[in-house]
Amino acid sequence: MHEIIDKLVLYFQFPFVRYAMITGTLIALCSSLLGVTLVLKRFSFIGDGLSHVAFGAIAIATAMNLTNNLFLVLPVTIICAIILLCSGQNSKIKGDAALAMLSVGTLAIGYLILNVFSSSSNLAGDVCTTLFGSTSILTLSMTDVWLSGILSALVVVVFLVFYHKIFAITFDEDFMTATGVKSKAYNLILATTIAIVIVVAMNLVGALLISALVIFPALSAMRVFKSFRAVTICSVFVSVICAALGILISILAGTPVGSTIVAVDIAGFLLFSLVGKIISRG
Amino acid sequence: MKKTILKFLILCLVIIPFAVQPITGCGNDNHNENRNEEAKEVFDSTTGNNSKSAREVDIDLSIMSRTMIFAEVNNITSNPESYLGKSIRLKGSYFAAYYDVTDDYYHFVLIEDADSCCQQGLEFILGDDYIFPGDFPPDMTEIEITGIYSSYLESGQTYYYIAADVMQYTEE
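In order, the protein sequence lines correspond to chains A and B. Under the numbering used here, residues 4 to 285 are what the first sequence spells out, in order. Under the numbering used here, residues 6 to 177 are what the second sequence spells out, in order.
Next up, chain B with everything else stripped away, as it sits in the complex (with noise of 0.2 Å):
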């Protein structure tokens, strides 16, 4: 019976890798936007969530699980260039800084991992009909915001944010 077994997961060990295949996507290395819209419309039928799915995004991330948001995020602030011009619709914590050499205030929507030991943080820019303090909710409140990653330049340096034309959030 011993032999059974390991011939049967030999078997196994052979067949899985061409069994995941059609998941991974191996071997079909064409980076086709149309089929990840596809894929985000069959999963926002599925969920019933179609009050956002009229508003089609390049990445949304308010769908995905923490782990992925996390990772994402890493990545969209490890190589920025790349998600230049994309749309990005994302959930997180709400935060204001403010900076003293340029006297304005930074908004914030901050991720924390899966661990929460870490969190990372997009900045977005709403349009010049959200006034601060006003129409900004207090720290850590629970925000989505929806927008272009878009990038400007400070003294000097290059920053990256979302130029968000949306912000919804719940009001405690």
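Chain A on its own, in the form it takes in the complex (with noise of 0.2 Å):
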């Protein structure tokens, strides 16, 4: 224990793990937020088509040459994030369809793009850092620290100001659009903000396991929790800590950094089924 302790006192030292932790507890943070909206309203797996758009977007930047690939990646995100989570019940298509066709589709297209265009003396390894994340946390430069910071910064202002608005879309939005209130809008301001959790995201766990971290912290809370407000903020200290365990893990024992981070929500999502089955029988 003691040796493990020195361990991470002499890694700490580095200036690229204090910002892989900052980063990933805030991200963290963020995608737990909105996992509780996500999960009840049947998206639980948004957040893997969205990271598909995302890789996609990110392939074009890297066959255009962008110096910073987030201004084509955020833009296009949120456009088919408002696309998923707007087009209501008329649409043709509906929603896990649309999702799967939008998934599939850009994670297709962006590979194409990726072997056609790409300049990269590594491509194999550039897509597996990119769909995995193994240690793309590990490499952000203090720019991108400060614009994780601010995009976190303006999910949990987003999420402080309408919540109450968030928890009306959540349960029923129909009664919400019948009582005047502008459900689209507010659906708009949603999809968005999960369209930059999203994005910042896939610098932690990778485009593929983007998912987990929505999802998780979510469902461990529901185990033990029933209402939305206990179950949000219990989410966020699951997904906070299991970050946090997941980043310190894979840094002692030399793992990948997304999968390790998934693999600690997974025992957290274990441990706290245990525990709401004991409290349900007492």
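FYI, nobody ran anything at the bench for these hints, they're computed from the structure. Keep in mind the model is a prediction, meaning the values are calculated, not measured. Positions of the beta carbon are idealized from the N, C-alpha and C atoms, including for glycine. Don't take every hint at face value.
Claimed, not checked - Partial list, derived from the structure: chain A residues whose beta carbon lies under 7 Å from chain B:
hint, residue
1, F19
2, T132
3, T138
4, S253
5, I254
6, G257
Work from the hints to combine the two standalone chains into their complex.
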């Protein structure tokens, strides 16, 4: 144990480790806030779909040699999030089918574009890193940290300011519309916020594992708590702790960061399931 | 009971940032090299790695996990000028590449990331005592090198390398 602590003290001398911890916990906080809403609205896989869209946008940005791909990735992901979440009941292609189409289509086209136009010497490695996020969180610059921090703060502020409206959209959107509240506008805000979270979270766990970051903390909290507020607070707690633990374990054990965080999330879910069973029997 | 658990969780959310502060070093912005060396000495004495601890280095990658090594090497290659003059110890796979334009061999230490899908390499140059190929191991042999991070100019381009005085490996 003493050796582990000494090693951690040594590792935290490196700025990139501190940046990873700060950014990782902020991303975990944001994703867990919106995860509860997404899970309850049956949109658990939207994280996956939007991350694939972001991957496709990254591929196009790489082919265009953009210095900062965020200028393309963020708007494209926001537009797709709006299309998916605001399409409503009258759309010809319903929610899950639209999500599936967008998800696999953008992933395939993104990889195709990277293969045809990329000048990278290790294309497979770059794709693997983007999809699984093995060390992306540990290679952030100060600018990336500030950007992630600002976007995360924006997400938290939006959630706090529109908490009651998000609550209403989550449980009874039709009633909200019937009472004259502009549910479409709030759906738009929610979609934009989700897109921002997904784009930022890709740095932490990669495109393929983002859904875990969104789903597991919310589901873990739901094993124990029943009220929306309690589930949200617990979800934040679980997500931040699991992300921090995951990063620490990965740098100590030399494992991929994204997969380790998801593994810790799974362990957290199992623990909370056990606690939930004990409480319900008591 | 659930209210109690919720209160406990909220309390932890407030307490944890303060508890973590001593470990993360937040608020302590002094880039104190002595602190880094002290931390390494504590670690070396704990692990009994005394044979290498006698030779102090600024960045000892040989005692770090694969994830950390890959991330730090990425930083070195992304911001090479901020590492010039620093002593580095590094373990990895040896690889030699021939460049026909200069008619010379270049020597590298390769490091893989945790997914084993990406590799990065740092060039190193040994002293005149080492003659290629006799004094060098076969490709992909695990080696450890120690040296100073330096740069040289070739064909109008700046290249960065480790001016290594020591190369250690196990002969098969």
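Against the structure, the hints:
With a cut of 7 Å, the hint placing F19/A at the interface with chain B holds, because the nearest CB-to-CB distance is about 6 Å. The criterion of a C-beta within 7 Å of any C-beta in chain B is met by T132/A, whose closest approach is roughly 6 Å, and the hint holds. A cut of 7 Å between beta carbons decides the hint on T138/A: the least distance to chain B is about 5 Å, and the hint holds. Nearest Cβ of chain B to the Cβ of S253/A: about 5 Å, under the 7 Å cut. The hint holds.
Because the smallest distance between the Cβ of I254/A and any Cβ of chain B comes to about 5 Å, under 7 Å, the interface hint for this residue holds. For G257/A, the interface hint holds, since its Cβ comes within 7 Å of a Cβ in chain B; the closest pair sits about 3 Å apart.
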